[in-house]
Amino acid sequence: MSASVTARSPLLVVLYEGAGAMPLDAAARFEITRTLLEKGYRVIATRAGRRSGPGAGPTPGERQVLVLGRFTNAPPAEAVAGTGAAVHFRSLDGVDAAGVVALVEGVGGESQTQKPGGWKPWFPVIDYSRCTNCMQCLSFCLFDVYGVSKDKQIEVQRQSNCKTDCPACSRVCPEVAILFPKYKAGPINGDEVNAVDLEREKMKVDISALLGGDIYAALRQRSQHANSRFARERDDQRALEERKKCLAKLQAALDIPAEVMNALPSVDAIREKAERAGSQAATPTPLVPAEGQA
Amino acid sequence: MATRLLYCHCAFAQAVPRPVKQDVLRALTDSGADFDAVADLCEMSARKDPALAEFARAEHLTCVACYPRAVRWLFSAAGAPLDEARVRFLNMRAQTAEEIVAALGGGDPGAPVPQGSAG
Numbered sequence: 001m002s003a004s005v006t007a008r009s010p011l012l013v014v015l016y017e018g019a020g021a022m023p024l025d026a027a028a029r030f031e032i033t034r035t036l037l038e039k040g041y042r043v044i045a046t047r048a049g050r051r052s053g054p055g056a057g058p059t060p061g062e063r064q065v066l067v068l069g070r071f072t073n074a075p076p077a078e079a080v081a082g083t084g085a086a087v088h089f090r091s092l093d094g095v096d097a098a099g100v101v102a103l104v105e106g107v108g109g110e111s112q113t114q115k116p117g118g119w120k121p122w123f124p125v126i127d128y129s130r131c132t133n134c135m136q137c138l139s140f141c142l143f144d145v146y147g148v149s150k151d152k153q154i155e156v157q158r159q160s161n162c163k164t165d166c167p168a169c170s171r172v173c174p175e176v177a178i179l180f181p182k183y184k185a186g187p188i189n190g191d192e193v194n195a196v197d198l199e200r201e202k203m204k205v206d207i208s209a210l211l212g213g214d215i216y217a218a219l220r221q222r223s224q225h226a227n228s229r230f231a232r233e234r235d236d237q238r239a240l241e242e243r244k245k246c247l248a249k250l251q252a253a254l255d256i257p258a259e260v261m262n263a264l265p266s267v268d269a270i271r272e273k274a275e276r277a278g279s280q281a282a283t284p285t286p287l288v289p290a291e292g293q294a
Numbered sequence: 001m002a003t004r005l006l007y008c009h010c011a012f013a014q015a016v017p018r019p020v021k022q023d024v025l026r027a028l029t030d031s032g033a034d035f036d037a038v039a040d041l042c043e044m045s046a047r048k049d050p051a052l053a054e055f056a057r058a059e060h061l062t063c064v065a066c067y068p069r070a071v072r073w074l075f076s077a078a079g080a081p082l083d084e085a086r087v088r089f090l091n092m093r094a095q096t097a098e099e100i101v102a103a104l105g106g107g108d109p110g111a112p113v114p115q116g117s118a119g
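Residue numbers (the working numbering), protein chains in the order written: chain A, 1 to 294; chain B, 1 to 119.
A couple of the hints might just be wrong.
As the list claims (entries may be wrong) - Restricting the straight-line Cα-Cα distance to at most 27 Å, the calculated cross-link-like pairs of lysine-lysine (DSSO-like) are:
id, chain 1, residue 1, chain 2, residue 2
1, A, K150, A, K273
2, A, K273, A, K152
3, B, K48, A, K152
4, A, K115, B, K48
5, A, K120, A, K39
6, B, K48, A, K150
7, A, K184, B, K48
8, A, K39, B, K48
Unchecked claim - If you want the ones that stay clear, here's a sample from chain B, every Cβ over 10 Å from chain A, calculated:
id, residue
9, P19
10, V20
11, G32
12, V87
13, R88
14, T96
15, A97
16, E98
17, A102
18, A103
19, G105
Said to hold, decoys possible - Far from chain B, some chain A residues (derived; all Cβ distances over 12 Å):
id, residue
20, L198
21, A269
22, G278
Derived by calculation from the structure, the hints in this document are not laboratory data. Every residue gets a Cβ at the ideal spot worked out from N, C-alpha and C, and that includes glycine.
Make a model of the complete structure from these sequences and hints.
Structure follows, in structure tokens:
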């Protein structure tokens, strides 16, 4: 589990080079911006002075803004923006990129803003142009990332519950409707879905059934088969090894972390969850194929 | 002037090639254009950061990030759906830094995107 996602915004940093401030050296401007971004801060770079229009400055959710610049006249230590945000000013004269981080963190600490970072934002994003509200993702997810909205639509409700680097729910989605923007390959990373992907997705029902429970049957069968062979050899250890190999192969093929694979729910648990989800959904569809269809 | 230029640094993962984002950011900081640089759009989406709604309301928005489908649904997930007619996407996972910088027209967010380059 990762840190919870809070609704508070971190400190907003404005790199100001407009009227009343000297321009920064290009290399310094780049280095300061890059360093702050890598620390998790949002940076507005402006040379135009006061900006206007939507999105041009602090938004109502931002309560603390830090303006950095080489001011020609001493700015006020603090002011209040039209949005009600507290605006802090700090001079960049004689401050390098590392010093800027210390300065920003100092203001962030004083103003008790959320410290950025600390969580790799890994979670599913639903492409509603493809989603059919089948609830397979909700039924399958081990970590209760999904929920159902008031209008009975599947939605991602608990992003921070998601298991980092696990794309398992996108593997069971029959419509390629689940993205993980930080995943390495398409179409899960958000790349457009092409004909080859769709062809591959036809196999999803089988994969879903496999993940949904038939994996146990497959492994049991494999294990029994191995046991019958090895019984003669009285070598249970080899049967166990065979089972491990089988699991490892599936993990590699589906790119699902071992701990997730090892914690797969039982068929009964999935059925129960699917029924619960189905009763909540606008257009419920069965998750697990009927007996003999898998 | 309500044209906005939004750059995502994808700071908390290695999804965007480092040289591409470095070169694009350097071009932006050298250009003299005003822009918004965010550490990570995914993180903002998870937090439902109100800034996303402000970006979505911009008259014109150029979004330099990753795959358009991902960006579109990240905004949507934050309750800030993008109006496709007012947004252009530049994709640092699929385009080169040179292509993106050229598409930005040296930092002019109103410059047209070359055909086929929007990821």
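Okay, the hints, checked on the actual structure:
no. : hint              : verdict
1   : K150/A <-> K273/A : holds (18 Å)
2   : K273/A <-> K152/A : holds (16 Å)
3   : K48/B <-> K152/A  : holds (20 Å)
4   : K115/A <-> K48/B  : holds (16 Å)
5   : K120/A <-> K39/A  : holds (12 Å)
6   : K48/B <-> K150/A  : holds (18 Å)
7   : K184/A <-> K48/B  : holds (24 Å)
8   : K39/A <-> K48/B   : holds (19 Å)
9   : P19               : holds (13 Å)
10  : V20               : holds (13 Å)
11  : G32               : violated (6 Å)
12  : V87               : holds (12 Å)
13  : R88               : holds (15 Å)
14  : T96               : holds (16 Å)
15  : A97               : holds (14 Å)
16  : E98               : holds (17 Å)
17  : A102              : holds (19 Å)
18  : A103              : holds (18 Å)
19  : G105              : holds (17 Å)
20  : L198              : holds (15 Å)
21  : A269              : holds (27 Å)
22  : G278              : holds (23 Å)
Violation of the numbered hints given earlier is confined to hint 11; every other hint is satisfied by the structure.
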